[in-house]
Amino acid sequence: MSIQGGEYGTALQAASWGGNLDIVKLLLEKEADINVQGGKYGTALQGASWGENLDIVKLLLEKGADINLQGGNYGTALQGASSKGKLDIVELLLEKGADINFQGGEYGTALQGASSEGKLDIVKLLLEKGADINVQGGKYGTALQAASSSWRVNLDIVKLLLEKGADINVQGDEYGTALQAASWGGNLDIVKLLLEKGADINVQDGKYGTALQAASSSWRENLNIVKLLLENGADINIQGGFYGTALQAASSEGKLDIVKLLLENGADINVQGGEYGTALQGAASEGKLDIVKLLLEKGADINLQGGFYGSALQGASWRGKLDIVKLLLEKRADINHQGGFYGTAVQSASWGGNLDIVKLLLEKGADINLQGQNYF
1 MSIQGGEYGT ALQAASWGGN LDIVKLLLEK EADINVQGGK YGTALQGASW GENLDIVKLL
61 LEKGADINLQ GGNYGTALQG ASSKGKLDIV ELLLEKGADI NFQGGEYGTA LQGASSEGKL
121 DIVKLLLEKG ADINVQGGKY GTALQAASSS WRVNLDIVKL LLEKGADINV QGDEYGTALQ
181 AASWGGNLDI VKLLLEKGAD INVQDGKYGT ALQAASSSWR ENLNIVKLLL ENGADINIQG
241 GFYGTALQAA SSEGKLDIVK LLLENGADIN VQGGEYGTAL QGAASEGKLD IVKLLLEKGA
301 DINLQGGFYG SALQGASWRG KLDIVKLLLE KRADINHQGG FYGTAVQSAS WGGNLDIVKL
361 LLEKGADINL QGQNYF
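Residue numbers for the sequence shown follow full-length UniProt numbering, beginning at 1 and rising by one.
No lab work stands behind these hints, which were simulated from the structure alone.
Using N, Cα and C, we set each Cβ at its ideal position, and we do this for glycine too.
The reader is advised that the hints may include incorrect statements.
As the list claims (entries may be wrong) - Heads up, simulated DSS-like pairs for lysine-lysine below, C-alpha to C-alpha not over 27 Å straight-line:
#1 K192 / K139
#2 K197 / K139
#3 K129 / K159
Stated by the list, open to error - FRET-style restraints, in silico, Cβ to Cβ:
#4 L120 / K58: 21 to 27 Å
#5 N134 / R332: 53 to 59 Å
#6 G266 / N336: 30 to 36 Å
#7 K364 / N134: 27 to 33 Å
#8 F308 / D367: 20 to 26 Å
#9 L289 / N134: 42 to 48 Å
#10 F308 / G130: 45 to 51 Å
#11 N265 / R332: 38 to 44 Å
#12 K25 / K227: 56 to 62 Å
#13 G352 / E163: 28 to 34 Å
#14 G97 / N265: 52 to 58 Å
#15 G266 / E363: 36 to 42 Å
#16 K364 / D167: 53 to 59 Å
Take the sequences, apply the hints, and build the full model.
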């Protein structure tokens with residue numbers, strides 16, 4: 001009964017998550033280990049808490065389940081219940097001694113879980129019970145970042161957290177700051193609020209470097225947020241994060257309207273940095289033909305070196321972007337340019353298995369014997 005494996009770890013955890021009270025009772029009568037750990041939910045108590053099964057939570061606690069045992073995706077039973085939004089279970093767990101600031105799991109803490117998932121009533125309760133509003137950890141860094149980054153519009157939670165003393169500029173984890181999180185998440189009203197409350201618009205941290213870069217790189221349509229950030233003094237050429245600059249981010253992610261806006265507002269088209277080295281290399285590597293054309297029209301240096309691939313031609317060659325390779329060659333890209341991980345364009349195309357591009361490069365004079373660093 002306590003053998004572990006699969007998503008639910010044990011039979012007891014599976015029954016607890018599934019809400020099967022009679023089976024839980026039977027398994028406990030047969031001496032199933034109530035605190036054995038494993039599976040997605042960590043323990044039977046966490047499974048029942050996430051599964052919104054109050055009667056089973058009560059039974060497990062009566063039978064000696066460890067309320068603060070850590071493990072699984074959600075860290076603790078309290079974090080699971082808080083993330084799911086089950087107020088009566090959260091209240092019970094707190095009454096029974098759940099550690100409100102225990103850290104672990106995907107969200108870091110119960111407060112971060114509730115903030116991310118838009119559970120306002122639980123956020124209020126946790127704050128009333130002494131949850132640390134600025135504790136850092138988990139996927140989102142802080143409760144304020146969690147609320148700001150969610151695809152849900154958690155404006156009321158953001159307001160509450162700020163009223164209760166959340167540090168608006170605290171840094172950490174993937175999104176760096178709450179402003180970066182909201183900018184990436186496409187939450188215009190939250191971005192406005194954070195700026196009104198004094199968020200540092202140019203602070204650097206996290207995967208996206210700055211709020212402007214985060215807004216420029218998101219899969220969401222964030223043109224209005226980019227405009228707002230620029231109007232409020234965002235440094236258009238500040239460097240950092242995965243992409244290097246906002247222009248590189250927008251170019252790599254195919255955000256043509258944002259690329260146009262950034263160029264109109266003075267973005268440096270040839271600044272170097274980040275994964276792709278330049279905006280042109282990012283657009284070429286990711287197959288964004290319209291943006292490649294625009295950048296070339298606006299003066300992008302076609303042979304500028306840097307980044308993982310070395311040049312725009314090498315990036316397009318490795319990624320199999322034949323139409324972009326043709327365009328770059330028409331615009332006099334250096335076919336034998338050396339640099340980057342794959343050495344030359346023909347090496348890049350060869351390693352990527354792009355036969356049509358290899359043929360084209362050879363027709364156009366690529367040196368087949370030129371040596372590079374890693375493969376040839």
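Q.
Need the list of violated hint numbers for this structure, in ascending order.
A. Numbers 7, 11, 13, in rising order.
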